[in-house]
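Visitor: Each chain, letter by letter, is given below.
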Amino acid sequence: MSNVYSPTDPRFAHLGPEKFRLRQTDAVLLDAKFETKPIGFFRDAAMRFAKSKISIVALIAISIIGFMAIVGPYMTPYGYNDQNLDYINLPPKIPALARFGIFQGTRVLQNRRVDGLSDTSRYPEGSIIRIDNRRVMGGVELCDVTVDYYRYMGIDDDVYFLFGTDYLGRDLWTRVWRGTRVSLIIAIVSVICNVSIGLVYGSIAGYYGGSIDMTMMRITEIIDAMPDVVVVTLFILYFGSGLISIILALAVKNWIGTARMIRGQFYRFKNHEYVLAARTLGANDARLMFRHILPNSIGPIITRAMIAIPSAIFTESFLAYIGLGIRAPESSIGVLLSEGQKVLLYYPEQTFFPAVIISILMIGFNLLSNGLRDAFDPTQRGTE
Amino acid sequence: MVITLFIIITIGFMVIRLMPGSMYADDADMTAAQMEILRAKYHLDKPIPVQYGIFLRDLVLKGDWGTSIKMYIGVPVFDVLKMKIPVSMYNNLFSLLISLPIGVLLGIIAAVRKNSIVDYTTSFMVVIFISVPSFIFATLLQYYAAFRSGWFPIIYEASATGFAKLHSLTLPIIALSLGPIARVTRYLRAELAETINSDFMLLARTKGLTEAQAILRHGIRNSLVPLANVVIPMFTHIMSGSMVIERIFSIPGMGGLMVSSINNTDYPLTLAVLIFYSVVSLVTVLVVDLAYGVIDPRIRIGGRHIE
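Chains A and B supply the protein sequences, listed in that same order. Position in the first sequence counted from 1, then plus 18, gives you the numbering used here. Position in the second sequence counted from 1, then plus 168, gives you the numbering used here.
Misleading hints may appear alongside valid ones.
With a straight-line Cα cutoff of 27 Å, these simulated BS3-like cross-link-like pairs (lysine-lysine) come out [said to hold, decoys possible]:
# : chain 1 : residue 1 : chain 2 : residue 2
1 : B       : 230       : B       : 209
2 : A       : 71        : B       : 230
3 : B       : 282       : A       : 69
Interface residues of chain A toward chain B, partial, derived using beta-carbon atoms under 7 Å [what the hints assert, rightly or not]:
# : residue
4 : 336
5 : 340
6 : 341
Computed footprint of chain B on chain A, listed as stretches where at least three residues anywhere in the stretch have a Cβ under 8 Å from a Cβ of chain B [claimed, not checked]:
# : stretch
7 : 252 to 262
8 : 274 to 286
9 : 366 to 378
No lab work stands behind these hints, which were simulated from the structure alone. Don't be surprised by glycine CBs; every beta carbon is placed ideally from N, CA and C.
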């Protein structure tokens, strides 16, 4: 400690207090006090994020889909697995939009005999809307009939299915939103898993370095060399295709990217002076790692998680397509798509809605992650 | 790499053999004696490590991948693969080959006309094509370009040859290529846009080359260097994408084989398909590593020349 001389010090008693004069008492402090509030890291990022219109649009689109995934299944009286064989493969009928000529619950029946059209047991009263393309083939007059399919099937007028029904008469509105929910849960939970694993693994490898780092990175290289398809397939084959096993299968390989990124960040920051200062003040390894060094990487971590979500959604659908999707009565976007694919040529609307939702989600998350990356790290702007 | 392959084969074999249920559990019309004979024939009655030993011995010494036991009864797995691989490879290589030039071209246009309407349109398309999964495009194409308009066959015609074969493969190849095209475009645009601003491009312009000459001779060549490292791993992407596409268009390739062998519990076949995919992706990684050195000697590491 350096010596502080004060007027009351007994060594200076012989001088008397009047000999002492404080310096700078009449000096004016020229630094103006900041009128504005300081802006934190997240405020800063949020402000930058809000400037990018396209990211905001993406965020809104994702929020709407997320909201519908939560409340959508409860908006109709039908459960996701309520089968009704009277209501098979109905087209979508949305009363609110019917006035504009879309989703009226109509369907074109091709190659119908013209002389059968007046038969009210086959075509109930008021079910025929339009008759096109009259032609004679083999002595029989044929035509294409546009019918109100709900009346044609003898269903009451007040019954409607917003997205139609599938081959078991299940309400697709409920199934689509429930499927969206399941897909989102799979994606988000698997991303949380892979970020957590990657975070701890990468922190340890990056912080300690040396032979620990070397060994840990060799392990990731071996895991990384296994092709995605093979790892995921084997995993599902072995553990069955439940929600949990799909989530884990998606996390098996994806944490490696996160771990590498975190390790890189640790190498960048661990030799900074402030880390040395914290160490000098007695912070232990865990505190240094997670309190002092890791928060530097929060931006890249969030960005990376956002990029991982669409790829998890994609992999889930991919698994459903190759027959390793989630088990039967449960629905997911992939399951709906692959079921719709089977009847694509007859009932394309069954594929339409899940396809639109997965496309919006994928585009939305990609744009969102771009926006977040730019917001967290403006120096990266424009590089893809 | 060999070690990785060995680990994959081991894990794959163990996982497939340890799965619950016997391979013949669902064949109710077989007597117990018949079942025993079959199990003995395929060594299924022995402990799993012994089975594994036999499998490895046959694979390494005789090049024998085992025999398909459910789908193509009695046919060696290797022959099944020999039949299927060319079909898949034809698709995948074709889509890689067409996506490269198109992607490069679009990337160049977007970079040269940076911040113009062309650039924005390209960027917009790139985002869509990268985001939306290939099977959505496949479904769209199948419905509109094949079913509604009848321009292309709805599913692959296996018996067709020559032009008709190509015709029936057009839609799957387009569906497979859109993603890779977008990736190449995005990469090249970013790369070239950076190169154009560098000093040697200014020098090229100063010494009297036209804009086009400078970009063609100096800009593109420098941007193409890192492209190889994007393109080669893309092949693995295309391969896994093609599994779904093959299913949608009923192409009798490796993807379909894998799916049906899993569903039919034909395990030797499943294992072989998995090994095939592993080998392809490992070779890809190796090629990338080698390509680093060949394309840009500065990157060559290992320090052979350092005394």
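Visitor: Now tell me, hint by hint, if it's right for this structure.
Guide: Results of checking the hints against the structure:
1. With a CA separation close to 17 Å, the supplied pair residue 230/B and residue 209/B stays within the 27 Å bound.
2. The straight-line distance between the Cα atoms of residue 71/A and residue 230/B is roughly 63 Å, outside the 27 Å bound, and the hint therefore fails.
3. Distance restraint check for residue 282/B and residue 69/A: the Cα-Cα separation of roughly 21 Å lies within the 27 Å cut-off, and the hinted pair is therefore satisfied.
4. Interface hint at residue 336/A: satisfied, since its Cβ lies 6 Å from the closest Cβ of chain B, which is below the 7 Å cut-off.
5. With its C-beta approaching chain B no nearer than about 5 Å, residue 340/A sits inside the 7 Å limit, and its interface hint holds.
6. Using the Cβ-Cβ criterion of 7 Å, the hint placing residue 341/A at the interface with chain B is satisfied: the shortest such distance is roughly 5 Å.
7. Closer than 8 Å: that is the beta-carbon criterion, and the stretch 252 to 262 of chain A has 3 residues meeting it against chain B, so the requirement of 3 holds.
8. Here's how the stretch 274 to 286 of chain A fares: 0 of its residues keep a CB closer than 8 Å to some CB of chain B, so the rule of at least three is not met and the hint is violated.
9. Here the stretch 366 to 378 of chain A counts 5 residues with a CB under 8 Å from a CB of chain B, which clears the bar of 3, and the coverage holds.
In this structure, the earlier hints numbered 2, 8 are contradicted, and the remaining ones agree with it.
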